[in-house]
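Engineer: Sequence:
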Amino acid sequence: MVNATQCSTRRGGVTFVHVVVENESTERRRVRLDVDCDGAVWPPRRRGVPEAGWDADGVTVTVAGGRTRGLGFATPAATASVALVDVEGRGGIAESDPLVESAGTDSVDVDGVVRALGSFAPPLAATPREKGDESRLDSNSGDGGGRRVE
Numbered sequence: 001m002v003n004a005t006q007c008s009t010r011r012g013g014v015t016f017v018h019v020v021v022e023n024e025s026t027e028r029r030r031v032r033l034d035v036d037c038d039g040a041v042w043p044p045r046r047r048g049v050p051e052a053g054w055d056a057d058g059v060t061v062t063v064a065g066g067r068t069r070g071l072g073f074a075t076p077a078a079t080a081s082v083a084l085v086d087v088e089g090r091g092g093i094a095e096s097d098p099l100v101e102s103a104g105t106d107s108v109d110v111d112g113v114v115r116a117l118g119s120f121a122p123p124l125a126a127t128p129r130e131k132g133d134e135s136r137l138d139s140n141s142g143d144g145g146g147r148r149v150e
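Just so it is clear: in the sequence shown, position 112 is 112 by the numbering used here, and no numbers are missing.
It should be emphasised that the hints constitute simulated quantities derived from the structure, not laboratory data. Be a bit skeptical, because a hint or two may be false.
[What the hints assert, rightly or not] For each label pair, taking beta carbons as the anchor points, the in silico distance ranges come out as:
#1 GLU24 / ARG45: 14 to 22 Å
#2 VAL14 / ARG69: 34 to 42 Å
#3 ALA52 / VAL20: 54 to 62 Å
#4 LYS131 / ASP55: 26 to 34 Å
#5 HIS18 / ALA125: 26 to 34 Å
#6 THR79 / ALA126: 48 to 56 Å
#7 LYS131 / PRO76: 45 to 53 Å
#8 LYS131 / GLY39: 48 to 56 Å
Please read these numbers as outputs of a predicted model, since none were measured by experiment. Using N, Cα and C, we set each Cβ at its ideal position, and we do this for glycine too.
The whole structure should be built from the sequences, with the hints applied where relevant.
Structural biologist: Pasting the structure below:
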């Protein structure tokens, strides 16, 4: 059995919602929580990208057997409620899950790809070198191209 308890705090025009999901069974469960509020849902983010599992309507997470997992989000709405709508055991698909037929192509989660890429850093060869560098190009060689000066 999976239980979810919720606690909300309102500060500065923002409602902060904390949810604790408890999995009392001995096997891992995938849990879907839907958020019901009159405003936008602001999930936790890393470098501007929502955490894994979040979409516009809520979050899907996995909770290990006999464990609890904390989740949180914010919203400008005065009140927000969270409903536990779907639980899937390790053994297969729950009856309430819709079955989707595949056309043989892989679907790609864009947010997951962006999250996996991490932060951008240009290659070292594309960054300007400082004047004190021992090896530099001499543009005064007269042949229109640079030559290496050591």
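Engineer: Tell me, which hint numbers fail for this structure?
Structural biologist: Those not satisfied are hints 1, 2, 3, 4 and 5.
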